[in-house]
Amino acid sequence: MCSQVKGTRKSAQQHRYGIKGIREHDSQLCKNINQDSISSVLGPNKTTVLFPCSICGKSFTRKANLKEHITRHVGGRPHICEVCGKRFTERSSLKKHAISHTGQKAHVCDVCGKKFTLLTHLKTHTLIHSGQKSHVCDICGKRFSQLGNFRRHALLHTGERPFCCNLCGKTFAQKNTLEIHIAAHAGQKPYTCDICGKNFAQRGHLKIHAIVHSGQKNFSCHVCGSSFTRKHNLKKHEARHISH
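Sequential numbering of the sequence shown, starting at 1, is according to our numbering.
Keep in mind that a hint or two might mislead.
As the list claims (entries may be wrong) - No more than 30 Å apart at the CA atoms, straight line, and that leaves these computed lysine-lysine pairs for DSS-like:
| # | residue 1 | residue 2 |
| --- | --- | --- |
| 1 | K189 | K231 |
| 2 | K86 | K63 |
| 3 | K189 | K105 |
| 4 | K95 | K142 |
| 5 | K142 | K123 |
| 6 | K236 | K217 |
| 7 | K217 | K189 |
| 8 | K114 | K189 |
| 9 | K217 | K207 |
| 10 | K189 | K207 |
Bear in mind the hints are in silico, worked out from the structure with no lab data behind them.
With the hints as extra help, turn the sequences into a complete structure.
Structural data, given as structure tokens:
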């Protein structure tokens with residue numbers, strides 16, 4: 001039995017936890033320790049070993065769990081998706097991510113029928129239907145039901161444009177806007193009009209185009225009352241009134 005272990009349950013526990021809790025790169029366990037001797041002090045079925053994190057103090061019953069926990073502190077992401085290469089700190093997060101590659105969307109919105117791969121995404125989506133908008137902008141007072149939309153909105157006030165195109169250097173406040181921009185460089189036009197087959201690089205452009213087929217004329221001239229399907233056509237028309 002290790003000479004440091006005394007004949008009391010408390011001292012044996014303290015000594016064993018101290019030895020087992022040393023960080024992996026510093027671990028040099030006491031060579032004289034005898035697990036059977038400690039068990040004789042602690043009693044039967046009292047041999048659970050705790051592995052505490054040397055950074056935050058949180059304890060784990062398994063060394064593997066401690067290792068995974070420590071990666072959060074050091075920024076490590078040991079779990080890699082074999083499909084896209086994205087890295088994760090936890091195996092459970094990787095498993096959730098892997099579902100996105102299978103195309104499975106088992107979680108369905110009862111209100112609109114939209115499908116999602118993850119339950120958390122469905123729950124976030126349902127806030128739209130509930131009308132709850134708990135995220136409020138301190139600057140302009142605009143409210144949002146989803147935290148992600150609120151954060152993207154906040155960038156408009158700060159002027160931050162952290163997403164940069166590596167082809168032309170243009171910067172964007174939102175990642176999805178950058179992705180649309182890059183698609184334009186590549187000549188990709190993934191959005192197709194169901195009526196005439198015309199293709200567009202951006203979903204917004206397709207929506208504007210669809211108004212032509214619908215016959216809606218939402219933009220009216222305040223001078224003569226003429227209506228137009230597109231705002232820029234209205235502006236051109238109004239310029240004629242000014243020039244005359």
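**Prompt:** Hints broken by the structure, by number, lowest first?
**Reply:** 4
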